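J.: Chains as they are written, first to last, in my numbering: chain Z, 1 to 581; chain C, 1001 to 1328.
Calculated from the structure, these hints are not laboratory results. In this text the structure is predicted, and so the values were computed from the model without any measurement. Note that CB positions come from ideal geometry on N, CA and C, so glycine has one too. Do not take every clue at face value.
[Claimed, not checked] When the alpha-carbon atoms are kept at most 30 Å apart in a straight line, the in silico DSSO-like pairs for lysine-lysine are as follows:
hint: 1; chain 1: C; residue 1: K1085; chain 2: Z; residue 2: K252
hint: 2; chain 1: Z; residue 1: K559; chain 2: C; residue 2: K1174
hint: 3; chain 1: Z; residue 1: K559; chain 2: Z; residue 2: K102
hint: 4; chain 1: C; residue 1: K1085; chain 2: Z; residue 2: K281
hint: 5; chain 1: C; residue 1: K1174; chain 2: Z; residue 2: K190
hint: 6; chain 1: Z; residue 1: K580; chain 2: C; residue 2: K1239
hint: 7; chain 1: Z; residue 1: K496; chain 2: Z; residue 2: K536
[Claimed, not checked] Over 12 Å on every C-beta distance to chain Z, these chain C residues come out as not near it, computed from the model:
hint: 8; residue: V1002
hint: 9; residue: V1051
hint: 10; residue: P1177
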Amino acid sequence: MRARLATAVGGAMALVVALSACSKNTGDSGDSVDTNKPRSGAIATDPKDSLGPAAEVPGAAKGGTFYILRESKISHLDPQRVYSFAGLMGSQLYARFLTTFKDDGKGNVTLVGDLAETPGKNVNNDCKVWEFTIKEGVKFEDGRPITSKEIAYGIARSFDPDLTGGPTYLQEWLADTPQYDTKWDFKKNKTSLPPGLTTPDPRTLRFEFSKPRCDLPFAVSLPATAPLPPDKDTGVNLDNMPFSSGPYRFTKIQPGVEMVLERNPNWDPATDAVRHAYPDKFVWTLGPDQNTQTNRVLAGTGNDAAAVASGGVPSELLAKITGDPALKARMIVAATPNVFRLSINTTRVTDLSVRQAINYAIDRSSITKNLGGPYGAMPLTTLLPPTTLGYKKFDAYPAGESGDPAKAKEALGGKPVNLVLGTGDETWQQETATQVKNALEKAGFTVTVKPIPADGYLDFVKKKDNPWDIWVDSWAADWPSGASVLPVLFDGRGLKAEGNSNTSQLNSEAINAEFDRVLALDPAKQADEWSKLDEKLMKESAPAVPLYNEVVSVAHGEKAGGLFIGSIFGWPSFVNAYVKQ
Amino acid sequence: MVRFLLKRLLLAVSVLLAVSIVSFLMFFALPRDPVTGMCPKNCNAERLERVRTELGLNDPKPTQYVNYMKGIFVGRDLGSAQGGKCEAPCLGYSYVNSESVTDTFARVLPVTLNIVLPAAVLWLALGVGLGMISALRRGSLLDRISIGLTLTFASLQLYFVGAVLLLIFVYSLKILPTPRYVPFLENPVEWARGLVLAWVTLALLFSAIYARLSRAQMLETLSEDFVRTARAKGVAKRKVYGRHALRAAITPIVTIAGIDVGAALGGTVITETTFGIQGLGRTAVEAVRQGDLPTIMATVLVSALFVVVANIIVDLLYAFIDPRVRLG
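Kindly generate the complete structure, drawing on both the sequences and the hints.
T.: Next comes the structure, spelled out in structure tokens:
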């Protein structure tokens, strides 16, 4: 598993933009924002779940043009290079993958087969050999059938070092080394396939790994598994005009200005369990900033009535929207999988009772209030985000919403403890640091604040010998499995001089053994185990203090229907979108 | 005339050459390695080195500069990672935009030209017209209103006026679409409707300066001896003001207009951001923010080209406007 740096940085930066301004908003906490909705998820075991057509959305109608307002261009459109939230959610319109998430918008997600008939067959039950059977009737925009060959070619071209930007899970797993492009050179082997990837017949795709890769069904839900016929491969220029396998195809792309998607007549809804493709067209209007976008959809002039302001509601407009029931009905609010925690450097804070005392002392309510209240952040007491499959809520150190200084003092047992708190220099970081410092000092700690240089926050806290005891970290997983969170953040066997995602530098034999045990289980059986391991980690090691989930609020015009925030990436999903007639 | 033009062109070329060398050097002085941005994940020293070699960043700097200039005049092959063959004028390949910088410019340059040029016509007509009328009717109510208005607009900020106009015409009255660029040849009406707010905003702010400047210039010229002489000789008031005084008064205005238009073409970033239109200015700012060096470099060059060209045009106009100026 790889740290998804791009997301971690991007998520943190997005938060800076979204939340630094929110600090003035006091947040009316009596609000009924549905961020605590119960969530459940699973990997589909019944092949029927992967069949189309997707169940109708009540009230939805076909036709019209749906507009998506966004400030800047999407960094990549080429499915093998897509990795931004907008790209990941947007690519569902023009590309299909091996698997995908059926997301009801209420927090229930099921991993189903997209181009594949099922979310994968674990051939020997050891996670080393996986087979996918490709559905019949799936076609490209030019009418050619999609077979395992084109999917394999798509995966092969992601080995090309020219095609930067995309995830690297499959490449690294197949090549069994992070240096995958030296192990298998795509440019010299365009007619063959990477090691371990085969297409026994046009409807079968087979992966063979040297190590168990139980997360494969999740990893192949990323757009890198989108198919591409070799004759349509235009290299880096595919970014300027992708070749469609989904319900829409691009008819016009003007980077930074506009992108137009029109119906792909060769897409058959009967093969698709997730996408509806209600509107005749999707148009991305690029340019307007967050403020302009939201103002436009609220005013709803002309095309803007059927538009979504994808940049999110800026804090200046929150009061206006929440104060008007008609406008409030046009704002969707949901927690994202981007979770923030107070990392504790366990090589510096070696005493477990001190780490437990820190957990008792932290005041989550003051931190989240500072970040915009229910529209900016949701308090969290688990290391896993609530969007994780098999998630169970628990609080290993119950101290109420605002911390329990008395309990913290009790855990400390009168020991004098000095802590060095690292903080970045963005406004939200400094304000959060102030809240952390205040709460810890109330519990009897002595806290020294030491800045972390802004131009390399992540580089610095990932160094083994860093001078901080505690600091705020964030993590956004690529799929809702505990496997993409806990082992990445807390397995201590791979600790290096720098670049450690395990910033707490926890290295517990008992915990490491648990990671190995759970990772070897069938992915469907792992879900419950990760939640149990989360609790065990918090109780027995307390390597961090879970703080909060990022929350996004997105406004849309009155004719824009069927929108919801996707549970996997915390960004608007367009699979159910329709234009109200 | 031809000699003058040649001399000016030679000067222009040397200015552009100097700008290109300085910006190319800055390209390397910026505290950002262009390669790290291209390989955000799993970047180890070995892979970085390979990317650097492939991009020619390990060549000696003079060689890189020559290659870049060669690209502009005859085109060059950038390699598969940068979209292959790049025709002249090749301004390099942007990893951030995943396209050749020339393609980016071919798209954003017309947008900026369509914002600035009509706006310039508007602000010159409005500004010089108001200024002249105020000067001729000095002390009148019209003069005082015009001074008051121009003073007000001259002290306002573009993003404020722009936001107010947007609020009135787009969000409240809903008589204009949200600003956007539609090519003139595609739909002239929508072209005007989409850009009119940007033109008016620019014109309101810029014309204030021109109104005040041309009023002052005109008043000064009107007090010159030759005006009195012409009037004394019985030349019609209209002819004296229109032909003699205006011509003399407008010379410094043309100078400033040349610089303003040239600079506006390279720096409409506030206008473009206020109205959410993607032109050269926003492209430049985004390029700086994202460390997109080839685009930054090209923006610097193109902006310099605008200023230089605007100045040549101004110099040529002098000859036509002011008979005292002789080119040669």
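J.: Hints numbered earlier in the text: which of these fail when held up against the supplied structure?
T.: Violated hints (numbers, rising): 4, 5, 6, 9, 10; every other hint is consistent with the structure.
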